[in-house]
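Add chain B to chain A, keeping to what the hints say.
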Amino acid sequence: MEIKSHVSVRCCTLTLFLLLLVCNGINAQQADPYETLAEGTRYLQEGDLDAALEFFQKVPAPGENEEGGVFVRSRMEAAKIYFSYQDFNNSSRMCKEILAVLPDNLEAKNMLSHIETSLTPRWLRFLTDMKKYMPTLLKASSMTLLLVIITMLASPVIGLFIALARISRSRSLSSICWFYIWIFRGTPLLLQLFFIYYGLPQLGLTLNPFSAAILGLVLNYSAYLAEIIRGGIESIDSGQMEAAKAIGMTYWQAMRRVIVPQTYKRLMPPIGNEFIALIKDTALVSTIAMVELMRAADQIFNVTFNIFILIQAAIIYLIMTSFFTIAFRRLEDRLGVYENR
Amino acid sequence: MIEIQDVVKRYRELAAVDHVSLKIDKGEKIVIIGPSGSGKTTLLKMINFLETMDSGKILLQGKEVGYHKDRNNRLVLDKQEVICRFRSEIGMVFQHFHLFPHMTALQNVMEGPITVKKESRKKVQAIALDLLKKVDLLDKKDAYPAFLSGGQKQRLAIARALAMRPMIMLFDEPTSALDPELVGEVFNTIKDLASEGMTMLIVTHQMGFAREIADRVIFMDNGKFIFEGLPSDVFSDKMDNPRVKNFLAKVL
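Here the protein sequences line up with chains A and B, keeping their order. Take the first sequence: its position 79, counting from 1, is numbered 78 in numbering that gives the first Met the number 0, and each next residue is one higher. Take the second sequence: its position 166, counting from 1, is numbered 165 in numbering that gives the first Met the number 0, and each next residue is one higher.
Note that these hints are calculated values from the structure, not bench results. There's no promise every hint is true.
Output of the computed footprint for chain A on chain B, the stretches with three or more beta carbons under 8 angstroms from beta carbons of chain A [stated by the list, open to error]: (1) 73-85; (2) 111-118; (3) 134-146.
Chain B side only, calculated, beta carbon under 7 angstroms to chain A, not exhaustive [stated by the list, open to error]: (4) Leu49; (5) Thr51; (6) Met163; (7) Ser194.
Remember, predicted model here, so these are calculated numbers, not experimental data. C-beta: ideal position from N, C-alpha, C; glycine also.
One chain only, chain A, in its complex shape (with noise of 0.2 angstroms):
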């Protein structure tokens, strides 16, 4: 405008004409930043990425151009769409061009933080996570070792009185026995937790998702252990009995100093197959709200879609069933040190 005034009037509308002229131009050239915005936009929920790209990238930088806010908004869009297009370069170019101008924009940030995660390998970024939710999973195992282990010492005991009094003379305790077991093993493991924690209070009985694991797991085990033990007893000699009344015992007398004790050895490897099921089965009382091993898994599975999760809960269950596996072994062979072989 200064220039305008030194010259002539003439000179003045003819330059003032051109200028308007060149401003028209340069407008025609450099369209509305605020429409181009919307152009892209418009394909992009076309979904014609490559149209809405070529219009966000139009939107000029704010330098040339005060509007800051359509500035980033275009060059945030553009970010997107070359991530979907796995075109990292492009995105963190874009990414950084936004925070050249706002370096505290969130968004940008963690677009940034996303192209690098995307850019690391993959078996580093399972290893990461592997190492980041070992802590929650440890918990949660401790958990799961917690039921077995309560199972492992209430459901024999339990077991062993259902399997003297199935075998006992007495009819109704006989058949009330029968019964329990017929009911216990002849249904899931499943439905029976269902049971318990969603079907009890419907009757009153209100449990907190430990007590219906235990109870379930409790009761599911012992009735296996029963007929397991059941069958131990049977499998000993008559001649013991025999033996044992012999020397003036009473039946209970010889159950308890001479029939049963000579059952042990030989159930060690039945049961301790039951107790390795057991470990696995624990991974059920994850639909009744309790937070055991499983259910950690799967939550963080959900959480990061590595499949390493679950090789990992594999790994932990692994260990604990060969722990138990080998225990159960020295166990057995400690209990046969009369026999001669």
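Structure of chain B alone, referenced to chain A:
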């Protein structure tokens, strides 16, 4: 001392023991011989109440024991505690030993007095060690039965029965499961016991042993006593019962 009167035991139609009576005096040694399946073992087990009888009487010191009659007039065993008390006074040695495999030799001998008689461990241990010495197994006191020979097992079984201080010992074919060279040691143990005045009822197929030890020999067949007499009668050439003669001809 012990008397059975007109005892019958049936398995379905088969009469395993068919109207048998026997009186055993204190210190007497009676040997029962006869073919397999003649009811010898069943008879022995009935005296110990391990088998129930269908009819008849068992008398201990002249008193009828062990059974009462139910509403249908059938014989029913008395309460377990009563039966156990009688059993603890009658020692029994089985053909297949039936030692408690999970207990050491010493524990086998101590088990009865401790569990049944509730005697103090200290006292019982002294008695048990004495008995093991008597059957010549003191050096095996901590061995489990599986590590003993057949003869040692049977001697241990005798010690286990003796630990209850029974008034009579029942032997059910004590040497039938043994290798021939191990028979002697068991017989010697039984003979030692006999010389101490123990009352004994022995079922055996060893005729030489029967002749040596018996005060009386009974020949049993088809659940009945066919012949009863002194060993010298049974094993003499003048034996005129054809069934007995036939059997002896086969086993001797």
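Quiz prompt | Met163 of chain B as chain A interface residue, shortest Cβ-Cβ below 7 angstroms | solution = holds (6 angstroms)
Quiz item: With 7 angstroms as the cut and Cβ atoms as the points, is Leu49 of chain B at the interface with chain A?
Solution: Hint holds; Leu49 of chain B Cβ to chain A Cβ min 6 angstroms, cut 7 angstroms.
Self-check item: Claimed coverage, the stretch 134-146 of chain B by chain A - three or more beta carbons nearer than 8 angstroms
Solution: holds (count 4)
Quiz item: Do at least three Cβ atoms from the stretch 111-118 of chain B come closer than 8 angstroms to Cβ atoms of chain A?
Solution: Result for this restraint: holds, n = 4.
Quiz item: Once the shortest beta carbon distance from Ser194 of chain B to chain A is found, is it less than 7 angstroms?
Solution: This hint is violated: Ser194 of chain B lies away from chain A, its Cβ roughly 24 angstroms from the closest one there, beyond 7 angstroms.
Quiz item: Taking the least C-beta to C-beta distance, is Thr51 of chain B closer than 7 angstroms to chain A?
Solution: Violated - the Cβ of Thr51 of chain B stays beyond 7 angstroms from chain A, reaching only about 13 angstroms at its closest.
Exercise. Confirm or reject the coverage of the stretch 73-85 of chain B by chain A under the rule of 3 or more residues with a beta carbon closer than 8 angstroms to the chain's beta carbons.
Key: Three-residue rule met by the stretch 73-85 of chain B, so holds; n is 4.
Hint violations for this structure: numbers 5, 7, all remaining hints satisfied.
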